[in-house]
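Here is what each chain is made of, one letter per residue.
There are 2 protein chains.
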Amino acid sequence: MCEQNDDTVEINNTDYFESYGQLSVHELMLKDKPRTLAYMEAIQKNQHLFKDKIIMDVGAGTGILSIFAAKSGAKRVFAVEASNIAHTARKIISDNGLSDVITVLDERVEDIQELPFGVRQVDVIISEWMGFYLLHESMLNSVLFARDKWMSPNGTMFPSHANIYAAPCDMRELFNDTVGFWQDVYGVNMSAVIPDVVSNLLSKPYVGIVKQNRLLSKPVHIHSIDCNKISISDLQTLTNSSVYQVCKVGVLHGFCLWFDVIFSSTLGGETVVLHTGPDHPETHWKQTVILLPQSFDVSEEDAIPVTITMDSSQDNHRHYELSLEFGE
Amino acid sequence: MCEQNDDTVEINNTDYFESYGQLSVHELMLKDKPRTLAYMEAIQKNQHLFKDKIIMDVGAGTGILSIFAAKSGAKRVFAVEASNIAHTARKIISDNGLSDVITVLDERVEDIQELPFGVRQVDVIISEWMGFYLLHESMLNSVLFARDKWMSPNGTMFPSHANIYAAPCDMRELFNDTVGFWQDVYGVNMSAVIPDVVSNLLSKPYVGIVKQNRLLSKPVHIHSIDCNKISISDLQTLTNSSVYQVCKVGVLHGFCLWFDVIFSSTLGGETVVLHTGPDHPETHWKQTVILLPQSFDVSEEDAIPVTITMDSSQDNHRHYELSLEFGE
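Residue numbers (UniProt numbering), protein chains in the order written: chain A, 1 to 328; chain B, 1 to 328.
If we strip away everything but chain A, and leave its shape as in the complex, we get:
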């Protein structure tokens, strides 16, 4: 506690920390420049999709995408945000003089019975819905629900497409840092803890930065999603079997996954891509690695047939379980 004479700092209510906790997540996302600048650029360079159009922003957060759309000339924007941050978004929109254009709807998009102003259809759905390796903790289901209920037949999803990529990878730095450290700690052998450290590492996919030079093959494109066409049921299970042609000597510790999303329209305009791969600037999604229970030495001669399956969890449809099997 910080107290100063009669000007004591006080905390007003218990909601406060929750709301700040949520704000810090939005801060992290806003400070992710490749992410936010890709949306800004996509909207600015495709003003023909927004000018005088009706837009829905699913999961609007602080309202930044709605504001970009309004600045690109949208006639009306519905900023759908079910969490507490909706109140903040409304204030931000007002402070930016855009309350006449943007209406914040503070409910789940699935719960909207009718849109204000007698609107029946929207022309563009914008949303930043992507999770780790695209699908984990993503909001894509909600965005597709909104599309099926509210999108005009000639409407556009923005982003319009998404791709998932995979490549075998050498994670020696991770293992050196987290496992190797314990072998000699200031001259003391602490390898007794290594089984626990390894079990923890292998218990879940690893989310972190993988350097481009640690990929052991060219990226393999394992899934394409057309946001204008895919159905929610298509997202239940995604499986891909591919042969990964090793391109350098290394130690295979796992398979690295990442994605990109594409902003393009059949109505023309400029295509913008948001990349999250090892060959592009770091984003808050980083990369996701399925670590193998044991490592293998590999070299240029090797071709590795692997099936990667992403299964929507029974308990939480926003969570996926990753599995990996050698063989096609």
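It is possible that some hints are incorrect.
For identical chains, the list gives no copy identity; a pair is met inside one copy or between any two copies.
Below, a list of computed lysine-lysine pairs in the DSSO-like style, where the Cα atoms sit at most 30 Å apart [to be verified]: (1) K229 x K45; (2) K33 x K91; (3) K33 x K286; (4) K204 x K91; (5) K31 x K286; (6) K71 x K204.
These aren't lab readings, by the way, just hints derived from the structure by calculation.
Dock chain B against the given chain A, drawing on the hints supplied.
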């Protein structure tokens, strides 16, 4: 989940993550080189205090300080550790061939009724007990309890002394990062969130790195602790009133606190100091800043009389509440 053919990764029990969580805290502390190397150096350079002596290590963790003591020739070391990590420490000690010298006592030091092998007194108590700004979440009370109950009249506490320092500081980078960011977010005015951001920042002391050039006066030594003499009751409330002579133009945002601990003995040997101040390499304690509800422009002419009080919390004696008052 990562699955591979018939070699599926399994998680065995719920204790597991707890124990890993705890391990990661020990990893952080072990990887703090200024901290661990100061203890190693202090013990290695003062072998006369350890050779053929009986040592108690309070809060032994992974057992590293006990092992340093054993390697410096201790006759017997009692490694007192009440948490689960005690089992790991025992395995590490065994792997390093030191089970004959080091005995792990997996209980709170306050609960020890008698020491093994008929030992009545110890010659040296080693412990890494320090918390943020020395006292917050520290184990000093337990270490003093151990001293009063088990230390020989000619015994040595190691570290033997501690000092707390303070200086007014300019935190412009912190305010720019956490407050200024919201003023212009990709051209959008998000200053609506600033009151919440500021309230959150001021609601508790800030723990982070303060650069030496952001201090606005020379460090003022506000408390000295002689670990061989101080009593537990002396730690209830620590107050210091000092005048801080501003040495440069800047903006006063708060008062920075840090500490050092000293390893020295009346029995001679080499003094070693573990520093955690802005003018020394970063440690996991970083620095602690009491932020003021408002900032002030200051310049070389200014002398700032301030009383800083550290009050042991009624609810949790390991927590302190900081308060700051202008005036002496």
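Structure-based check of all given hints:
Proximity of K229 to K45 under the C-alpha cut-off of 30 Å is restricted to the intra-copy arrangement: shortest distance 23 Å within a copy versus 72 Å between copies. In this assembly of identical chains, the alpha carbons of K33 and K91 lie at most 30 Å apart only when taken from the same copy (23 Å versus 47 Å across copies). Within a single copy, K33 and K286 get their C-alpha atoms as close as 13 Å, and across copies as close as 28 Å, so both meet the 30 Å cut-off. In this assembly of identical chains, the alpha carbons of K204 and K91 lie at most 30 Å apart only when taken from different copies (26 Å versus 39 Å within one copy).
With identical chains, the CA atoms of K31 and K286 are at most 30 Å apart both within one copy (14 Å) and between copies (24 Å). Taking the closest pair of Cα atoms, K71 and K204 never come within 30 Å of each other, the shortest separation being 42 Å inside a single copy and 39 Å across copies.
Of the numbered hints listed earlier, the single one contradicted by the structure is hint 6.
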